[in-house]
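Number of protein chains: 2
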Amino acid sequence: MPEPKRLIVNVFEMACVSHITHGLWRLPDNNRHRFAELSYWTELAQLAEQGGLDGIFLADVVGAYDTFRGGPETAIREGLQIPNLDPLLVIPAMATVTQHLGFGVTFSTTYEPPFAFARRMSTLDALTGGRVGWNIVTSYLSNAARNFGLEDQIPHDERYQIADEYLDVLYKLWEGSWDDDAVVNDPVAGIYSDPAKVHAINHVGKHFTVAGPHLVAPTPQRVPLLFQATGSPAGIAFAGKHSEVVFTGGRTVEDFQSNANRMRDAAESQGRERGDVKFVVQAGVIVGRTESEVADKERLFQEYSSLDGVLAHSGFPFDITAYPHDSLVSDAIADAGLPAEHPVAKRFAEGATIGQALEELRHQRHDRFYVAGTPKVVADEIEKWLDEDGIDGINLRQYHSYDTVRDFVELVVPELRRRGRIREEYTPGETLRERYFGASRLPERHPAARYRGGKNL
Amino acid sequence: MPEPKRLIVNVFEMACVSHITHGLWRLPDNNRHRFAELSYWTELAQLAEQGGLDGIFLADVVGAYDTFRGGPETAIREGLQIPNLDPLLVIPAMATVTQHLGFGVTFSTTYEPPFAFARRMSTLDALTGGRVGWNIVTSYLSNAARNFGLEDQIPHDERYQIADEYLDVLYKLWEGSWDDDAVVNDPVAGIYSDPAKVHAINHVGKHFTVAGPHLVAPTPQRVPLLFQATGSPAGIAFAGKHSEVVFTGGRTVEDFQSNANRMRDAAESQGRERGDVKFVVQAGVIVGRTESEVADKERLFQEYSSLDGVLAHSGFPFDITAYPHDSLVSDAIADAGLPAEHPVAKRFAEGATIGQALEELRHQRHDRFYVAGTPKVVADEIEKWLDEDGIDGINLRQYHSYDTVRDFVELVVPELRRRGRIREEYTPGETLRERYFGASRLPERHPAARYRGGKNL
Chain B
1 MPEPKRLIVN VFEMACVSHI THGLWRLPDN NRHRFAELSY WTELAQLAEQ
51 GGLDGIFLAD VVGAYDTFRG GPETAIREGL QIPNLDPLLV IPAMATVTQH
101 LGFGVTFSTT YEPPFAFARR MSTLDALTGG RVGWNIVTSY LSNAARNFGL
151 EDQIPHDERY QIADEYLDVL YKLWEGSWDD DAVVNDPVAG IYSDPAKVHA
201 INHVGKHFTV AGPHLVAPTP QRVPLLFQAT GSPAGIAFAG KHSEVVFTGG
251 RTVEDFQSNA NRMRDAAESQ GRERGDVKFV VQAGVIVGRT ESEVADKERL
301 FQEYSSLDGV LAHSGFPFDI TAYPHDSLVS DAIADAGLPA EHPVAKRFAE
351 GATIGQALEE LRHQRHDRFY VAGTPKVVAD EIEKWLDEDG IDGINLRQYH
401 SYDTVRDFVE LVVPELRRRG RIREEYTPGE TLRERYFGAS RLPERHPAAR
451 YRGGKNL
Chain V
1 MPEPKRLIVN VFEMACVSHI THGLWRLPDN NRHRFAELSY WTELAQLAEQ
51 GGLDGIFLAD VVGAYDTFRG GPETAIREGL QIPNLDPLLV IPAMATVTQH
101 LGFGVTFSTT YEPPFAFARR MSTLDALTGG RVGWNIVTSY LSNAARNFGL
151 EDQIPHDERY QIADEYLDVL YKLWEGSWDD DAVVNDPVAG IYSDPAKVHA
201 INHVGKHFTV AGPHLVAPTP QRVPLLFQAT GSPAGIAFAG KHSEVVFTGG
251 RTVEDFQSNA NRMRDAAESQ GRERGDVKFV VQAGVIVGRT ESEVADKERL
301 FQEYSSLDGV LAHSGFPFDI TAYPHDSLVS DAIADAGLPA EHPVAKRFAE
351 GATIGQALEE LRHQRHDRFY VAGTPKVVAD EIEKWLDEDG IDGINLRQYH
401 SYDTVRDFVE LVVPELRRRG RIREEYTPGE TLRERYFGAS RLPERHPAAR
451 YRGGKNL
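Chain order of the listed sequences is B and V. The first sequence: position 367 = 367 (UniProt numbering), numbered continuously. The second sequence: position 89 = 89 (UniProt numbering), numbered continuously.
Simulated from the structure, these hints should not be mistaken for lab results. Ideal Cβ placement from N, Cα and C applies to all residues, glycine included. It is possible that part of the hints are untrue.
[Unchecked claim] Here are some of the chain B residues that sit facing chain V, going by a computed Cβ distance under 7 Å:
{"#": "1", "residue": "73"}
{"#": "2", "residue": "79"}
{"#": "3", "residue": "147"}
{"#": "4", "residue": "185"}
{"#": "5", "residue": "191"}
{"#": "6", "residue": "198"}
Throw the hints in and build the complete structure from the sequences for me.
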């Protein structure tokens with residue numbers, strides 16, 4: 001009998017008050033208002049590591065949500081991802097108090113120079129001993145563009161073209177600039193690094209010109225584990241070429257599987273293997289010792305949920321609250337002058353009314369990967385996600401910080417361990433990529449590998 | 001009798017093997033090769049805080065020294081500031097294991113967007129509870145420019161013009177964007193921040209266009225304590241307008257004092273007060289329990305010192321080792337086609353020979369603020385620096401990590417405490433600016449203050 005498939009578990013986080021479970025920061029004893037304190041992060045990290053989880057996955061935005069009702073007011077009132085902190089800077093604090101926990105961090109390829117970002121990620125990879133991953137995004141907020149000197153966003157597909165060159169620069173710096181044995185550290189000979197093994201990259205491209213050499217000596221993973229959250233055609237092609245872990249979702253199993261298959265196809269078409277891409281989904285897990293405890297939690301979360309927060313976050317191009325509750329979502333879409341296949345339509349079942357849509361939004365249970373129940377029920381459902389749906393892991397949505405993580409650690413982890421779905425202990429010194437793929441470095445078939453040893457620069 | 005003037009003591013650091021004491025990384029038990037490990041920083045920070053020091057001051061460069069002998073080879077061999085790490089990212093680790101220690105970090109205004117940097121510094125100010133300072137630089141390495149898409153450096157004075165607008169953007173974000181009482185954190189009313197008290201900045205200037213609002217809510221200092229290392233006329237004018245602590249040096253007392261006076265004049269001409277600028281000098285302190293222990297240390301450091309490292313770092317526009325030792329530095333300068341008043345000339349005494357210059361460089365004792373002796377001798381000298389020369393503090397040059405700091409803490413601090421020159425204990429909760437100037441926020445006469453309350457945006 002083969003070993004059961006293991007579940008990857010990351011805590012889904014963001015350095016802000018209201019990340020995705022809008023309104024719930026108001027729950028009693030929620031610590032979310034402490035997001036700007038170091039101790040918030042060190043406590044969370046220790047809790048996650050004591051519980052045997054894989055990592056903390058940090059979302060990010062570099063602008064405000066300012067389209068709902070014509071401005072950022074709702075986002076500001078709700079603490080909806082503003083104020084926030086730079087997520088790169090909470091990682092060293094969490095790394096200081098842990099040994100094994102991984103860190104995934106979101107950073108956009110659209111607004112900041114690749115040379116500086118390459119150095120920052122290498123710094124994190126060095127300091128954490130190879131425990132970092134990068135969630136590649138191209139940004140989608142118009143306010144973000146205006147914070148960085150642009151009048152509005154760069155069009156979607158062009159952002160991915162820039163991202164593609166951005167990664168090419170990073171690969172040259174991370175894999176090509178320093179040979180594996182460049183650092184000699186020989187006090188007797190007086191040689192710290194061997195100049196013959198450190199290379200300028202002299203990248204000259206359409207969007208970037210970067211001389212090098214890279215400033216950071218080889219780190220455990222060289223390239224941080226490459227995450228990406230995507231679904232669009234340009235995004236899928238990009239993921240097929242570059243990404244190792246796709247963070248995705250889907251209303252239905254079919255949605256998820258068709259997305260996953262398209263990305264695996266894209267990877268194959270780039271000379272990579274289907275297994276080179278793993279899939280982590282955002283999951284909502286509400287667990288209790290009894291059915292009534294579960295029901296109480298669900299009720300409490302629904303009670304505290306803020307529809308305004310959800311709507312301001314959703315980026316709907318119209319105010320859905322302005323339509324009668326018994327009218328159809330599809331009619332509102334048409335009324336707003338949008339095409340019938342607009343993404344908003346796909347978020348709800350066919351024929352959904354405005355009232356149903358609002359209820360679904362408010363409950364924030366709008367996708368396949370949601371379960372509420374006792375540990376046995378939750379574990380049964382997660383096993384289905386793993387074995388039938390084909391996911392590799394979850395980014396755990398936090399309803400309450402730190403109760404959501406504590407509940408998962410105390411109630412779900414033991415049950416999943418009994419079933420062989422979560423390891424009994426960490427492997428000492430393991431890098432994040434080793435944990436996901438068994439090796440610290442990218443395989444030779446990944447495009448980053450072509451620059452190794454200073455080749456093809 | 002007035003209280004004696006207190007000494008500010010920072011450890012001068014850089015996340016690299018060979019920062020300024022070239023060759024000394026090879027000393028027995030030196031920990032410099034551990035600069036890319038988290039524990040290097042947490043140990044250093046704890047040592048400094050246990051010893052009652054004020055802070056860790058982190059230098060930085062974003063390129064390689066590549067002019068000496070026509071390339072970066074010497075720098076790479078010597079570990080001369082390459083490889084290195086992003087210094088911003090070691091601060092959260094040090095902050096995690098300390099309560100009072102301050103952190104000064106170098107960042108250049110020339111290559112990265114102000115919106116992102118404003119957020120990073122605010123993040124650090126929040127996470128550290130107001131313990132951060134920023135050493136403002138405009139960068140001087142040609143390789144750095146080429147790492148960020150330029151063909152060569154932007155001319156010196158133009159860099160300062162850019163820096164001036166850069167700071168204006170930062171001030172708007174840091175001081176103007178969020179009112180003091182913008183964060184409400186009221187779970188009952190469901191208001192995290194009050195939208196009426198959060199302002200876009202809509203900066204449109206010659207070099208930058210930035211919408212805002214700032215993404216980080218008010219932090220203890222708002223503006224990190226503003227350090228600057230400078231001496232040029234453009235630098236002095238800039239310091240007079242913006243800087244609170246100038247990091248400077250000087251071959252002689254007269255050099256130091258004339259520099260300091262020019263900066264105080266510049267501050268006054270900008271409507272600030274002469275006392276609004278403090279002066280911290282780079283100092284070499286070699287201390288031992290006996291004279292012979294001191295002599296042994298000096299001899300050891302000179303033995304391990306690397307002249308090649310010093311020269312590659314010096315940025316001399318010619319190879320000083322190529323001239324006969326008995327010829328004059330001034331002749332070499334003329335021979336290299338440089339003006340007689342070239343900065344190189346000012347580094348040495350008038351009439352110095354090449355041999356004398358090389359010896360002085362190798363010994364790395366080329367300025368006024370160097371002392372070697374027993375604790376009493378050292379303390380006497382430091383009191384002179386404070387009372388006669390007029391410095392406010394020192395950035396302690398490390399010859400050996402961690403022995404230099406350990407020696408200072410064990411031998412010099414107790415002696416200076418006896419003389420009332422170093423506080424007996426930290427003031428709990430004190431911000432870095434409070435420690436230097438008695439208040440967490442900049443005074444009203446500083447140009448950053450004009451944006452408070454969203455005014456003048």
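Now the hints, each set against the structure:
The beta carbon of residue 73 of chain B is positioned within 7 Å of a beta carbon in chain V (closest approach about 4 Å), and the interface hint is therefore held. Because the closest C-beta pair between residue 79 of chain B and chain V is about 3 Å apart, less than 7 Å, the hint holds. Interface hint status for residue 147 of chain B: upheld, as the beta-carbon distance to the closest one in chain V is roughly 4 Å, under 7 Å. Using the Cβ-Cβ criterion of 7 Å, the hint placing residue 185 of chain B at the interface with chain V is satisfied: the shortest such distance is roughly 5 Å.
The restraint placing residue 191 of chain B at the interface with chain V holds, with a minimum CB-CB distance near 5 Å, inside the 7 Å limit. Taking 7 Å as the C-beta cut-off, the interface hint given for residue 198 of chain B holds, the closest approach to chain V being about 5 Å.
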